[in-house]
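Trainee: Start from the sequences, fold in the hints, and give me the full structure.
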Amino acid sequence: MFLAFAYDLTRLPVQVHDSLGDIQDARLAPSVWGAFLAPLHQEGYLRPLKAAQIRLVFDLSRGHYAFAYRAVHLLLFGLTVWAFTWVMRVRTWADAAAAGFALTVLLGLHTFSNLLREAYPINHFLEIVLFSLVALGLAQSAPRLRNDVLVLVLFTAGALVIESGLLIWVVVVAARLSGMKGISLRGIALLTLLLGAYLGLRFLVFSNGIPLITERSTGYFFRVLEQDDQVRLFGSRTWPLYAYNIAASMLSVLFSEPRAGQLVATAQLLDGRVQPWTIVALASSLATTLLVLVAAVHASRSRSARDDGDRLFVVFGIVLVANAVLSFAYAKGDIVSVAGAFYALAAYAAVRRILAVGVTGSLVSAAVVFGLLVVASTGWALRTTGLHYSLRYQAFKVRNDWVSDVDPKWLEEPGARAVSEQLRRAAVEKRVLAPRFYPRWEERWFEE
Amino acid sequence: MSRAWRVAFVVAAVAPAVVLVCVEFGVLVWASVAGHPRWPDEHLNLSEAAATRDTAEMVRLIDGGDDPNGHYPVRPGLVDNNAEVHITPLEAAIAIRRAELVDLLFKDGVRLTADEWARLRCVAAMSDDEELIAAVDKGGSGQRDPSCTGRETLW
Numbered sequence: 001m002f003l004a005f006a007y008d009l010t011r012l013p014v015q016v017h018d019s020l021g022d023i024q025d026a027r028l029a030p031s032v033w034g035a036f037l038a039p040l041h042q043e044g045y046l047r048p049l050k051a052a053q054i055r056l057v058f059d060l061s062r063g064h065y066a067f068a069y070r071a072v073h074l075l076l077f078g079l080t081v082w083a084f085t086w087v088m089r090v091r092t093w094a095d096a097a098a099a100g101f102a103l104t105v106l107l108g109l110h111t112f113s114n115l116l117r118e119a120y121p122i123n124h125f126l127e128i129v130l131f132s133l134v135a136l137g138l139a140q141s142a143p144r145l146r147n148d149v150l151v152l153v154l155f156t157a158g159a160l161v162i163e164s165g166l167l168i169w170v171v172v173v174a175a176r177l178s179g180m181k182g183i184s185l186r187g188i189a190l191l192t193l194l195l196g197a198y199l200g201l202r203f204l205v206f207s208n209g210i211p212l213i214t215e216r217s218t219g220y221f222f223r224v225l226e227q228d229d230q231v232r233l234f235g236s237r238t239w240p241l242y243a244y245n246i247a248a249s250m251l252s253v254l255f256s257e258p259r260a261g262q263l264v265a266t267a268q269l270l271d272g273r274v275q276p277w278t279i280v281a282l283a284s285s286l287a288t289t290l291l292v293l294v295a296a297v298h299a300s301r302s303r304s305a306r307d308d309g310d311r312l313f314v315v316f317g318i319v320l321v322a323n324a325v326l327s328f329a330y331a332k333g334d335i336v337s338v339a340g341a342f343y344a345l346a347a348y349a350a351v352r353r354i355l356a357v358g359v360t361g362s363l364v365s366a367a368v369v370f371g372l373l374v375v376a377s378t379g380w381a382l383r384t385t386g387l388h389y390s391l392r393y394q395a396f397k398v399r400n401d402w403v404s405d406v407d408p409k410w411l412e413e414p415g416a417r418a419v420s421e422q423l424r425r426a427a428v429e430k431r432v433l434a435p436r437f438y439p440r441w442e443e444r445w446f447e448e
Numbered sequence: 001m002s003r004a005w006r007v008a009f010v011v012a013a014v015a016p017a018v019v020l021v022c023v024e025f026g027v028l029v030w031a032s033v034a035g036h037p038r039w040p041d042e043h044l045n046l047s048e049a050a051a052t053r054d055t056a057e058m059v060r061l062i063d064g065g066d067d068p069n070g071h072y073p074v075r076p077g078l079v080d081n082n083a084e085v086h087i088t089p090l091e092a093a094i095a096i097r098r099a100e101l102v103d104l105l106f107k108d109g110v111r112l113t114a115d116e117w118a119r120l121r122c123v124a125a126m127s128d129d130e131e132l133i134a135a136v137d138k139g140g141s142g143q144r145d146p147s148c149t150g151r152e153t154l155w
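The listed protein sequences correspond, in order, to chains L and D.
If you're matching positions, the first sequence starts at 1 in our numbering and goes up one per residue.
If you're matching positions, the second sequence starts at 1 in our numbering and goes up one per residue.
If you are wondering where the hints come from, they were derived from the structure by calculation, not from laboratory data.
Quantities reported herein were computed from a predicted structural model and do not represent experimental measurements.
One or more of the hints may lead you astray.
Just a sample of chain D residues kept apart from chain L, beta carbon distances all over 10 Å, derived [unchecked claim]:
#1 N45
#2 A56
#3 H71
#4 F106
#5 C122
#6 S141
#7 G142
#8 Q143
#9 E152
#10 T153
#11 L154
Have a look at the derived ranges for each label pair, beta carbon to beta carbon [what the hints assert, rightly or not]:
#12 L/S61 x D/G35: 50 to 60 Å
#13 L/E442 x D/V29: 20 to 30 Å
#14 L/P30 x D/H71: 46 to 56 Å
#15 L/R417 x D/D108: 16 to 26 Å
#16 L/E226 x D/M126: 29 to 39 Å
Where is the CB? At the ideal position from N, CA and C, for every residue including glycine.
Mentor: This is the structure:
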């Protein structure tokens with residue numbers, strides 16, 4: 001499975017939007033350390049390590065920028081699949097069957113497919129998903145000093161890459177609350193001190209604050225609110241928008257609706273033009289969420305000792321709420337990608353429990369669970385297949401963006417122009433079939 | 001729960017994923033011997049690239065020396081054509097009403113005679129697409145609005 005999508009990733013060019021500017025900014029810094037220091041006082045964000053990483057890869061690439069950034073994306077994807085498999089702790093045939101199902105949930109969920117589609121110089125959201133999974137893996141392990149040290153490093157790195165890195169603290173605390181003892185209480189205390197230090201740096205030392213609502217557009221019920229719309233509708237009373245974003249983010253992970261805050265499926269339903277891919281997305285998510293709910297309730301009532309699989313329900317619940325709260329400013333699939341990955345783990349735990357323990361009660365209960373499994377597994381397999389379509393579509397779009405959307409300021413100064421031209425050439429030289437040639441059924445069954 | 005139900009649950013949970021893995025494996029094997037079926041190496045000419053809004057391919061072909069003023073065969077269906085037609089990239093761009101492609105082609109060296117421009121301007125005018133008409137006007141180097149019969153066609 002990894003190889004199948006790895007091939008797609010090799011065909012995807014580095015994107016222009018949210019990428020070229022970052023690469024050029026990092027290039028202009030005097031060094032990696034300079035790139036780290038430059039954004040420390042940026043309003044709304046504290047992401048110094050993001051810039052430093054981009055600069056580091058830029059320097060190490062020796063002029064092969066596109067190749068280097070794409071190789072990092074591929075590496076992050078491979079490590080994430082490995083970490084996901086690691087934390088499932090597959091030991092029995094039932095575990096293996098559930099793991100196969102869970103992998104399709106991970107790859108098919110829109111929050112994860114975004115992480116493959118978005119070919120930033122370094123996909124920092126994917127990085128945080130990886131760090132969070134590794135933190136969980138360490139929490140599941142036997143207690144060791146090494147685990148504490150590693151998790152402190154992961155948190156420090158993650159928090160300084162992007163705000164979602166704070167979720168590593170949440171993962172560790174949630175794991176401990178659920179009964180995983182791989183990180184000691186002393187380690188968690190130190191981690192909490194680091195969190196405090198981060199907040200102190202962000203709000204007192206560098207005065208970054210939080211992102212303003214005027215910075216990005218966001219989905220709101222049936223439309224996209226541009227920055228001006230947000231100010232006009234909410235002014236300084238932003239809490240209704242924030243509450244909407246939090247609720248939309250949670251629902252998006254559980255039901256694949258809304259998407260980036262927008263009620264896409266509901267709009268299609270009201271229009272009477274529901275696409276097959278929408279039905280597949282809603283049905284697979286609904287069935288899986290029901291399975292997770294049923295299995296979690298069953299596990300909580302069970303008298304037998306809970307294992308790490310059952311503990312994943314608790315961890316997922318806490319991570320989901322925390323991740324949704326963190327996306328208060330605007331709703332976007334990438335931001336809840338950590339919750340998405342933990343949703344796939346909860347799905348693993350649910351199916352594993354069903355396969356291992358079975359279903360108590362009537363024949364009807366067994367038939368219902370069987371039906372949910374069929375709908376969910378078929379739906380996720382289809383969604384995973386659709387990821388190929390989505391990546392090919394994105395590759396076509398990104399390649400064309402290099403012709404039309406490059407900011408002229410990155411073509412003026414010779415140094416900037418050389419980098420832009422190299423990236424543009426690398427993108428344009430990779431031929432991608434135009435969507436006009438795709439079979440029509442793909443458009444209806446797969447998401448863009 | 002009976003053994004039969006357990007087996008049914010395992011099959012229900014994992015069968016689609018197993019089928020998926022088999023398909024992916026087959027695709028990779030196929031890719032290694034006969035080219036990747038999901039990423040076919042489709043060769044387009046300049047007019048077909050314009051007809052499919054593949055601006056990057058247009059740029060690649062022009063950078064590679066293809067003549068943006070040349071006539072190229074366009075397979076049926078790409079520009080509402082029932083049979084293969086030989087048209088210029090500019091005609092393809094006008095046929096699918098993409099002003100940005102017309103702009104790109106003029107920028108990349110398309111030159112028109114007065115008669116050619118007049119015919120294309122009339123075709124663009126029939127579309128009632130203001131953006132497209134404005135884009136075609138840029139290639140007319142100050143010529144006046146032509147007198148159109150309304151019967152001008154691209155091919």
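Trainee: All hints are to be evaluated individually against the structure, with a verdict given for each.
Mentor: Comparing the hints with the structure gives:
At roughly 13 Å, the least C-beta separation between D/N45 and chain L is larger than 10 Å, which holds for a residue marked as non-interface. Its closest Cβ contact with chain L, about 4 Å, brings D/A56 to no more than 10 Å, contrary to its assignment away from the interface. At roughly 20 Å, the least C-beta separation between D/H71 and chain L is larger than 10 Å, which holds for a residue marked as non-interface. Residue placement check: D/F106 keeps its beta carbon more than 10 Å from all beta carbons of chain L (closest about 15 Å).
Against the 10 Å criterion, D/C122 stays outside the reach of chain L, whose nearest CB is about 26 Å from its own CB. Even its closest Cβ contact with chain L, about 24 Å, leaves D/S141 beyond 10 Å, as expected for a residue assigned away from the interface. The claim that D/G142 lies off the interface holds: its Cβ sits roughly 26 Å from the closest Cβ of chain L, which is beyond the 10 Å cut-off. Separation of D/Q143 from chain L is adequate, the least Cβ-Cβ distance of about 27 Å exceeding the 10 Å criterion.
Listed as outside the interface, D/E152 is consistent with that label: its C-beta sits roughly 25 Å from the nearest C-beta of chain L, beyond the 10 Å cut-off. No beta-carbon of chain L is positioned within 10 Å of the beta-carbon of D/T153; the least distance is around 22 Å. For D/L154, the requirement that its beta carbon stay farther than 10 Å from each beta carbon of chain L is met, with the minimum near 18 Å. The hinted window of 50 to 60 Å between L/S61 and D/G35 is violated, with their beta carbons roughly 29 Å apart.
The hint said 20 to 30 Å for the Cβ distance between L/E442 and D/V29, and at roughly 22 Å that hint holds. Roughly 53 Å separates the CB atoms of L/P30 and D/H71, a value that falls within the hinted 46 to 56 Å. At roughly 19 Å, the beta-carbon separation of L/R417 and D/D108 lies within the given 16 to 26 Å, and the hint holds. Separation of L/E226 from D/M126 is about 35 Å and conforms to the stated range, judged on CB atoms against 29 to 39 Å.
This entry does not satisfy hints 2 and 12, going by the numbered hints stated previously.
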